[in-house]
Each structure stands twice: as structure tokens, then as C-alpha cells.
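In order, the protein sequence lines correspond to chains W and L.
According to this note's numbering, the stretch in the first sequence is residues 80 to 193, in order.
According to this note's numbering, the stretch in the second sequence is residues 8 to 119, in order.
Everything labelled a hint here was simulated from the structure, so no lab data went into it.
Virtual Cβ for every residue (Gly too), placed ideally from N, Cα, C.
A few of these clues could be false.
Not everything, but these chain W residues come out facing chain L in the computed CB check (under 7 Å) [to be verified]:
#	residue
1	124
2	142
3	144
4	152
5	153
6	155
7	170
8	180
9	183
10	184
11	185
12	187
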Amino acid sequence: NAGVMQNPRHLVRRRGQEARLRCSPMKGHSHVYWYRQLPEEGLKFMVYLQKENIIDESGMPKERFSAEFPKEGPSILRIQQVVRGDSAAYFCASSSRDRDYEQYFGPGTRLTVT
Amino acid sequence: SQKIEQNSEALNIQEGKTATLTCNYTNYSPAYLQWYRQDPGRGPVFLLLIRENEKEKRKERLKVTFDTTLKQSLFHITASQPADSATYLCALQAGSARQLTFGSGTQLTVLP
Chain W
80 NAGVMQNPRH LVRRRGQEAR LRCSPMKGHS HVYWYRQLPE EGLKFMVYLQ KENIIDESGM
140 PKERFSAEFP KEGPSILRIQ QVVRGDSAAY FCASSSRDRD YEQYFGPGTR LTVT
Chain L
8 SQKIEQNSEA LNIQEGKTAT LTCNYTNYSP AYLQWYRQDP GRGPVFLLLI RENEKEKRKE
68 RLKVTFDTTL KQSLFHITAS QPADSATYLC ALQAGSARQL TFGSGTQLTV LP
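The following block holds chain L by itself, in its conformation from the complex:
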């Protein structure tokens, strides 16, 4: 069955450092991989999307890589700030279907 794993439930890092979150998947061939941010009591907020034929995508302090051979995506936040503290969700989307399949998320805490 399809499975998406995010590296750890919780990750604490010091302000100013780079946070790296991992998303691994099995039994899936996604056309798109997306990263969302979710704050407590709120809906997910779309951050970045990367296509299966793309290796890397950047947006301001965010960077996503996508390795379809390893079946893995890495999500980096450089120069992290306490305001980056949230749960980050990885989501996969097949080419033909529009539904998103989400990982369970990684809760990131950036310590001042």
C-alpha cells in the first residue's frame, strides 16, 4: 500500500540554522510533491510544489529537492526564525488524480 513517512515527529533547531525535513514514500509514483505549513487550529498553507521532472525548487528561504530514484524529498528552511515554528506536511499527487495524500507531518520548533 502507499506510504508516506516524514522523518521525525518533532524537530528542534536553533534560530539562524538550516532546518531540513525529510519525506520518503513507497508504492507511489507522484507527478507532483508539495509542502504545506500548518499552524495549530488552522488549515494547511501551500508553500512549494515540485514536479517529478524537477530536481530542485527555491522560494525565498525555502528549498525543496525531489529524488524520484530514492523516492525522497528534502525541505530546507535556511536562516530559520522562531516564526517558522509550525508543522510541515509533505503531500503527494498522482498525475491523473487530483487528491493529495499527506504525510503525518513534522513539528518544527525554532528556538530563539
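Okay, chain W solo, but in the shape it has when bound:
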């Protein structure tokens, strides 16, 4: 029973490049959440998606960041024109529709911007 999968596990980008982070939820889960953990800081909510819908993006920076969860395929968190301050661990979590208060996290993608 595969858990939440994220790839890549490590991503290095130069300033100004684009970063694409992928998340495949647990089997049977239709809700996806993205969180960011900056160095020496706690986990912060970014966005909550269901298939083809953004439900809550109150934690997303207004510019350069976007997320999607298409009907087929993984959820994607996209960061355009990355800056050094984007360096962090990005975690995806998923939950089922009938137990949507229990979130299961993936291993994270560690983004380093040089």
C-alpha cells in the first residue's frame, strides 16, 4: 500500500528558473494539501485541492506560485522565477473524502535555489 509519493526528493534550481514539484496522493485519496517548511521554521499551509479544483489557497504567495490537481495524474506545485527565499522543504499531504481530517504526508521535496 503505497503512501503519498513526491518527486523529485531533491531539486536544485538557479535563481529565475522554474521549479515543478509533483505529488501522488495515497490510493483512494482525493484531497491534496501542500505545506512549506522553511529552515528553522514550522510547517505552513499553502493550498488545498480536490480533483480539478482549488478549494483553499489562502497560504499561497500571491505571485509566482501556482498549484493544480488534474483529473488524471499527480498534483503539481509550480514556482516560477525562483528566488533564494523559496529554498525550503515542500510537503504534500493527502486525505480521503470521508476522513478528510486525517492527513498523511509524503517525504517532501527539498528545493535549493542557488
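Following the hints, position chain L against chain W.
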């Protein structure tokens, strides 16, 4: 503004003792309170969830209490083992929103 505080950044205890971690919150009315474990370089692992109308929850060596009057949760690990060493995160969730708001965590070290 909403604030979640976990009692200390680091806690060291002797193997076999009970570890008690504290989570206090202000300006929040959570429907659920959750505890997660996080090891270095890994994602948080869900441990226990307690609802606002529940006082206590147990799972094997773990026990969580939830006092909505004091706005506090206590997380206990009995008969602690070195393998319990990790960072433990408290997270709150409002009834209408699904996002989790996390505390900064307590790093627990169980000494053999």
C-alpha cells in the same frame, strides 16, 4: 492572531520514563487537534487525533488529552524508548477549514 506554542524546543528524558509534551493555543477554536512525529529529513507521520468534544485518546503507549477551557493538549509517551526520539508536532484544524496549523515542535530525545 492565532498562536500555537509547544512547551519547549527540546526535551531529554531517560528510557522507560514517561515523556509529556505540551501544546497551548490562543485565538483559535479547533474542531480537531492532531499530533505528528517528524524525523530529520522526512515528512510528518500522523499519530493521533482528538476531537473538541473528547477529553482523552489512547493508542498503545501514546495518550493525548484535550482541554478546550485551558486551550491545551498534553501528549504522553509511556515507557519511552530511544526509538521514540524525534520531533513531535501539534497541529490544529478548524471545523470548516481543512488546513492544519502547526506548532513549531518539540524535539524529544530518549536517553538509553
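Here's how the hints hold up against the structure:
| no. | hint | result |
| --- | --- | --- |
| 1 | 124 | 4 Å, holds |
| 2 | 142 | 21 Å, violated |
| 3 | 144 | 16 Å, violated |
| 4 | 152 | 21 Å, violated |
| 5 | 153 | 16 Å, violated |
| 6 | 155 | 18 Å, violated |
| 7 | 170 | 5 Å, holds |
| 8 | 180 | 5 Å, holds |
| 9 | 183 | 6 Å, holds |
| 10 | 184 | 4 Å, holds |
| 11 | 185 | 5 Å, holds |
| 12 | 187 | 5 Å, holds |
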